[in-house]
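Trainee: Okay, here's what each chain looks like letter by letter:
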Amino acid sequence: MAGSRREKLGSIFARMSGLLRSGAIKEEDRPIWYDVIKAIPPKPVPPPKQVQNILYPEDFVIAHFYRTYTDPEPVRLNDHKNKTVLQRFVDKYFELQSKKSVPTDQLFNETLLTLKAEGIHLITHAEKQSRTKGKSPVSGGETFTDQMPITVSKKLDVNKIPQINLQQLFDKPG
Amino acid sequence: MAASLCRMLSWRTFKNHKWMTPCCSEILATYNVKSFGSAVNIQRCQSSGLNTQQAVSPSEVYTKASENLSTFEAAIQHEDYFGLKNLVTLQDLFQARVHLGHNVGLRHESMSPYIYGTRQGVDIIDLEQTLPLLHDALNFCAHIVYRGGMILFLCRNMQFLPKVEQTAREVKEYSHCRPWLRGTFTNSANMFNSLPIYPELCIFLNTQDTVFETHRGVVEASKLLVPTIGIVDTNVDCANLIAYPIPGNDDSPASLQLFLDLFKTAIIRAKEKRKEDGIDETAS
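In order, the protein sequence lines correspond to chains A and B.
Just so we're aligned: 31 in full-length UniProt numbering is position 31 of the first sequence, and the numbers increase by one with no gaps anywhere.
Just so we're aligned: 101 in full-length UniProt numbering is position 101 of the second sequence, and the numbers increase by one with no gaps anywhere.
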């Protein structure tokens, strides 16, 4: 082997240059990539650096919001027209902040009051939990009995199920 | 000593890369046939693209080679000879999800300069660094093809195997997406029982063999002085071995499709230019 097979030292260009300089490979026998790599030298590798976290101003508002409140209903991800309650909250918060009429420590409460005045119902984690418990007793730990399949089959009478247009459901949120 | 001789002979150089001796082209054919039969599945897509011109006398060869050399020189002096700079924008990269890296815990220290930041435990790659590196890599790839180089696409992600092989077939180049046998490059004289011809450029579409190991081809290409282009994700530990690393997401179908399309366009444009400039007489 004309050259060294230690791949960790130098670059392929440096090693090929060495072979050419020492005469191990003649100038006319150089590989075709040599001139190209000479003309388009690879960029030097930058030294390692400390990677920062990416944070936005709204992150702090969102974190504060979720400490007490939660999403009142599932979010429709394909709905780009209507804003979620959280998004409205964040927008209102920054709106009030830009007005500078409210002191900073009261901004959060002020935003809550404004949203409530606009008729948006916010629910806390505790409220949501109690609501889900009340809605579905099955998930609340009721044991599976032999009776259940009968009741299900009674409910699922094929003739009585109304035809639902799924597309319509997506078009009309809420 | 025999092995070293093999290696020396197998470089295709300015002197012989176009007007190869009959002996050499036979070797190319045996190499391809051999590799087809064995587990090493280098696809043969180019049927004697590097044909012989046996009727040319040596002196004629020499003058032709020197003519071509000046054409190559003029091409490489040009800043953007193949018009590849306008091929891709930062927006395209972003929409193809090239900026998404791996989980923070999987990061390799050497990749940290290419990372913009961490968003909720996921590394985000700095596309402003990726774009010039990608342009350089595409330009390099196109110039190699323009000079009659052979390209080998490598990818070990099974999901993308058909796409990569199809792309290689479309541009009449080669691909190797199957498990890499140790010594495919470094011990090729014994593995194929013939004088091998190495590709002029290896394009690694992902540089991991499994999630734990680096692709052995990266190391072997570096040992044998074969230039490499590689898409390096944030968990890759071999970015220093790759001549032209492109920091980017190598796991999404969208980003891989974008990279494949870019390389395909670069290769096609280079081959067209080759025909236009009258270098590639064998193709017509």
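Keep in mind that the hints were calculated from the coordinates and are not lab data.
As the structure is a prediction and not an experimental result, all values here were calculated from the model.
Fair warning: there could be bad hints in the mix.
Chain A is faced by these chain B residues, among others (derived, beta-carbon under 7 Å) [claimed, not checked]:
#1 P113
#2 G121
#3 R147
#4 R169
Covered, in the sense of this in silico footprint (three residues per stretch, anywhere, with C-beta under 8 Å from a C-beta of chain A), are these stretches of chain B [stated by the list, open to error]:
#5 132-138
#6 214-227
#7 236-242
Note that CB positions come from ideal geometry on N, CA and C, so glycine has one too.
Trainee: Once the shortest beta carbon distance from R147 of chain B to chain A is found, is it less than 7 Å?
Mentor: Holds. Min distance 5 Å.
Trainee: Is the coverage entry for the region 236-242 of chain B by chain A consistent with the three-residue Cβ rule at 8 Å?
Mentor: Answer holds; 3 residues pass the 8 Å Cβ test.
Trainee: Are 3 or more residues of the region 132-138 of chain B near chain A, judged by a Cβ distance of less than 8 Å?
Mentor: holds (count 3)
Trainee: Check whether three or more residues of the region 214-227 of chain B sit with their beta carbon closer than 8 Å to a beta carbon of chain A.
Mentor: holds (count 7)
Trainee: Holds or violated: the hint that G121 of chain B contacts chain A, with Cβ atoms closer than 7 Å.
Mentor: 9 Å, violated
Trainee: Taking the closest Cβ pair, is P113 of chain B under 7 Å from chain A?
Mentor: At 4 Å from the nearest chain A Cβ, P113 of chain B passes the 7 Å test, so the hint holds.
Trainee: Tell me if R169 of chain B is really an interface residue toward chain A, meaning its C-beta lies closer than 7 Å to one of theirs.
Mentor: Violated, because the Cβ-Cβ distance from R169 of chain B to chain A comes to roughly 23 Å (cut-off 7 Å).
When the structure is compared with the earlier hints, violations turn up for hints 2 and 4 and for no others.
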